[in-house]
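In the order they appear, the protein sequences are chains F and X. Residue numbering for the first sequence follows the numbering used here, beginning at 1 and increasing consecutively. Residue numbering for the second sequence follows the numbering used here, beginning at 1001 and increasing consecutively.
Source of the hints: derived by calculation from the structure; they are not laboratory data. None of the values given here were measured: they were computed from a predicted structure. Incorrect hints may have been included.
[As the list claims (entries may be wrong)] Computed list of lysine-lysine pairs in BS3-like fashion (alpha-carbon distance at most 25 Å, straight line):
| no. | chain 1 | residue 1 | chain 2 | residue 2 |
| --- | --- | --- | --- | --- |
| 1 | X | K1056 | X | K1068 |
| 2 | X | K1023 | X | K1056 |
| 3 | F | K113 | F | K23 |
| 4 | F | K25 | X | K1068 |
| 5 | F | K68 | X | K1107 |
| 6 | F | K23 | X | K1040 |
| 7 | X | K1059 | F | K103 |
| 8 | X | K1068 | F | K103 |
| 9 | X | K1103 | F | K107 |
| 10 | X | K1025 | F | K103 |
| 11 | F | K52 | F | K68 |
| 12 | X | K1059 | X | K1103 |
| 13 | F | K107 | X | K1040 |
| 14 | X | K1036 | X | K1056 |
| 15 | F | K56 | X | K1068 |
| 16 | F | K52 | F | K23 |
| 17 | F | K23 | F | K36 |
| 18 | F | K25 | X | K1036 |
| 19 | X | K1107 | F | K59 |
| 20 | F | K40 | F | K56 |
| 21 | X | K1103 | F | K113 |
| 22 | X | K1023 | F | K56 |
| 23 | F | K107 | X | K1059 |
| 24 | F | K59 | X | K1036 |
2 protein chains.
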Amino acid sequence: MKSELCLTHILPIRDALDIISGKWKIPILTALCIHKRRFKELHRDVPGITAKMLSKELKDLEINGLVKRTVYETMPVSVEYAVTEYGHTLNPIIFALRDWGLKHRVKILSEDKVEV
Amino acid sequence: MKSELCLTHILPIRDALDIISGKWKIPILTALCIHKRRFKELHRDVPGITAKMLSKELKDLEINGLVKRTVYETMPVSVEYAVTEYGHTLNPIIFALRDWGLKHRVKILSEDKVEV
DNA sequence: TCTTGTGGTTTCCTAAAGGATACCAGTATC
DNA sequence: GATACTGGTATCCTTTAGGAAACCACAAGA
């Protein structure tokens, strides 16, 4: 049945979206995939994010085992965020999003030229 | 530089998220990828969606060239929605999300067993 | 002593996303 | 005559996401 097949595809997708949806989680993970970072570094490198959102999203990501938070007792303390091994299993999604975004931008730009 | 590299990865991802984010667009596209469908069929096959959201999301998807709407002058009229060729370029994202969602569910279930 | 940097928290607010319900015309079916 | 089907729209409402700005302790450097 078409409808049942549909469910077996949609339900896991909903599970994934529940965890990574929103404006910031994928961008944060993307930055951390390139290199682990400290809080203020992330704040600078993820354009437009506020400290409040960054803090909240990092907590969510840590709860779901995608990001690991490590505190170093320097003065002042430094806190390092890194993608966990499990977090790296999201790489195919991140790559697919980036790849599509790049192609989409090319498409939009070429359409603009035709219209003008 | 780490920060500039970061931008070249994050900006296209943001472009992609702008178009497909939200609770319903990917589930709708997933259903249509399996087979084209009429409005009421979609309403039944995408669990939990309201007619209002379905109508709105389909319009968004049509505007972005991901879905094609075709009206047949039957009695009563029937309207068919199908994924466009361009819409199918989202397949890698959809597959990656589904794949991860399935693995994630397995992981969660196995963790529950250990905890109990 | 003033600023800068560390990693955040707190409060207040707005905008957007999404849900519930009722409703529309027209036809076929019971 | 009532019901169910077609593909939606309109209205009202709640919830959530997200943003702005102020603030915290502590230490180093100018």
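Here is how each hint holds up against the structure:
1. At most 25 Å may separate the alpha-carbon atoms for a hinted pair to count; K1056 of chain X and K1068 of chain X meet this at roughly 14 Å.
2. This hinted pair checks out: K1023 of chain X and K1056 of chain X have alpha carbons roughly 12 Å apart, not beyond 25 Å.
3. For a cut-off of 25 Å, the pair hint linking K113 of chain F to K23 of chain F is broken: about 29 Å separates their Cα positions.
4. Between K25 of chain F and K1068 of chain X the alpha-carbon distance is near 31 Å, which puts this suggested pair outside the 25 Å criterion.
5. Of the supplied pair hints, the one linking K68 of chain F and K1107 of chain X holds, its CA atoms being roughly 18 Å apart against a limit of 25 Å.
6. With a C-alpha separation of about 31 Å, the suggested pair K23 of chain F and K1040 of chain X falls outside the 25 Å cut-off, and the hint is violated.
7. As the CA atoms of K1059 of chain X and K103 of chain F are separated by approximately 22 Å, the hinted pair is consistent with the 25 Å bound.
8. As the CA atoms of K1068 of chain X and K103 of chain F are separated by approximately 20 Å, the hinted pair is consistent with the 25 Å bound.
9. Restraint check for K1103 of chain X and K107 of chain F: not satisfied, since their Cα atoms lie roughly 33 Å apart, outside the 25 Å limit.
10. The hinted pair formed by K1025 of chain X and K103 of chain F meets the criterion: a straight-line CA distance of about 19 Å does not exceed 25 Å.
11. Restraint check for K52 of chain F and K68 of chain F: the C-alpha separation of about 18 Å stays at or below 25 Å, so the hint holds.
12. Between K1059 of chain X and K1103 of chain X the alpha-carbon distance is near 32 Å, which puts this suggested pair outside the 25 Å criterion.
13. Distance check on the hinted pair: K107 of chain F and K1040 of chain X sit about 32 Å apart at the alpha-carbon level, beyond 25 Å; violated.
14. Taking the CA atoms of K1036 of chain X and K1056 of chain X, the gap is about 18 Å. The hint holds against a cut of 25 Å.
15. Note on K56 of chain F and K1068 of chain X: the hinted pairing is violated, with a Cα-Cα distance of about 38 Å set against a maximum of 25 Å.
16. About 13 Å separates the Cα atoms of K52 of chain F and K23 of chain F, which keeps this hinted pair within 25 Å; it holds.
17. Distance check on the hinted pair: K23 of chain F and K36 of chain F sit about 20 Å apart at the alpha-carbon level, within 25 Å; holds.
18. For the hint pairing K25 of chain F with K1036 of chain X, the CA-to-CA distance comes to about 32 Å; that exceeds 25 Å, so the pair is violated.
19. Our distance criterion of 25 Å between C-alpha atoms is met by K1107 of chain X and K59 of chain F, whose separation comes to about 20 Å.
20. A threshold of 25 Å between alpha carbons decides the hint, and for K40 of chain F with K56 of chain F the separation of about 14 Å falls inside it, so the pair holds.
21. At roughly 43 Å between alpha-carbon atoms, K1103 of chain X and K113 of chain F are farther apart than 25 Å, so this suggested pair is violated.
22. The hinted pair formed by K1023 of chain X and K56 of chain F meets the criterion: a straight-line CA distance of about 20 Å does not exceed 25 Å.
23. Simply put, K107 of chain F and K1059 of chain X have alpha-carbon atoms about 20 Å apart, close enough for the 25 Å limit, and the pair holds.
24. Note on K59 of chain F and K1036 of chain X: the hinted pairing is violated, with a Cα-Cα distance of about 40 Å set against a maximum of 25 Å.
Violated hints, in rising order: 3, 4, 6, 9, 12, 13, 15, 18, 21 and 24; the structure is consistent with all others.
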